[in-house]
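Q: In case you want the letters, here they are:
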Amino acid sequence: MPDGEAALIDSGDRGAPTVELLRNYGVRQIRLVIATHPHSDHIGEMRDILRSFKVDEFWDSGFNHPTRTYGDMLEEIRDRGVKFATPKRGFSSEIGGVLFEVLNPPEQPLDDQPNNASIVVRLTYGDTRMLFAGDAEVRAWAEMFAANTEGLAADLLKAAHHGSSNGTTRQVLDAVRPSIVVVSCGRGNDYHHPHPNFIRLLRETPAVSLFRTDLQGTVSAISDGKGIDVGTERTIGADRLYLTGDEVAGKLASDGGSDGGSRRKHARGGK
Amino acid sequence: MKSSSHKVIVDRIEGELAVLVLYDDDRVKMNVPIAWLPAGTREGDHLRLNFVKDQASRTSEEERIAKLQEELIRRNG
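Line by line, the protein sequences are chains A and B.
Number 135 in this note's numbering belongs to position 135 of the first sequence; there are no gaps in the numbering.
Number 40 in this note's numbering belongs to position 40 of the second sequence; there are no gaps in the numbering.
Here chain A stands alone, though its shape is the one from the complex (with noise of 0.2 angstroms):
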């Protein structure tokens, strides 16, 4: 964040290198961590996050997911002391120089579905805008338009659900108004991700500019508060960026890509 400071949302699975990657950016302390739900590949690394850096407060959802790596998670919160909250829609708290939005979830909770219990974040710096869906589906997204009605509007959105078929809509992207969509999925998943109906709609919206974590590795936004500039661990071919995540996975045998990463900038937010 602009004063120094860091926030993480989600941690990844268990196992993935969340610890070793922060710690590659300087990171030693967590100002904000925000667990967007309790399903495992946003949760499976919260432990050792926790037992790694110093961490000053913790957002979470608040749906009880009886998972043993969510208890465990709050354990770890409870024995270390960290100032817990569960935000709900309609909350708003400037951290570090970026104002935290809390889009959903709502008071009372939309049904018995994790994903739609997500935390929805965005996150204001100057004129820029992020917007960070967790896995929000259609029935959260309904909710979410009709009680934002000054808009959703961000320059970049990290799309919800790895890309999946009801996680973003035409409605969500008309709503939201990205010039950029990150979205973030296993490479070669066994979920579909990123789905056909997924593909098939940002293929359509000329307007936006896709970036991918299975192909592209890691992707980094940095907001100067004029503008995002874009970063990728790794190039890929104009040919490759609209692969469904099966065609991905039918194609790893015989994958290729160049290793170079690449950085393109964004205009100006203000939306």
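Bear in mind the hints are in silico, worked out from the structure with no lab data behind them.
Be aware that one or more of the hints could be misleading.
[Stated by the list, open to error] Estimated spans, in silico, between C-beta atoms of each pair:
(1) B:Ala-39 with A:Gly-71: 43 to 49 angstroms
(2) A:Arg-23 with B:Arg-64: 50 to 56 angstroms
(3) B:Leu-49 with A:Gln-108: 31 to 37 angstroms
By construction, the Cβ of each residue, glycine as well, lies at the ideal position given by its N, Cα and C atoms.
Once you have looked at the hints, place chain B on chain A.
A: For chain B alone, kept in the frame of chain A given last:
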């Protein structure tokens, strides 16, 4: 018949697959078609996963393969 039993948790359901996480070691995960699980299984459910050794099936397969091996060796011999 020898068997072993493990507690697993339905961490999430992704389309037609349930992601099961071993209770005793959450590094161990498996994707299982939801059609294989008890009707009504939902995210967060705790299940017992039982492995039962099927010696008769193994023996039958060994016999089939032995016959095929003999047949192929005879044909090319």
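Q: A separate judgement is required for each hint: does it hold in the structure or not?
A: Here is what the structure says about each hint:
1. B:Ala-39 with A:Gly-71: 43 to 49 angstroms: violated (27 angstroms)
2. A:Arg-23 with B:Arg-64: 50 to 56 angstroms: holds (55 angstroms)
3. B:Leu-49 with A:Gln-108: 31 to 37 angstroms: holds (35 angstroms)
Checked against the numbered hints above, the structure breaks only hint 1 and satisfies the rest.
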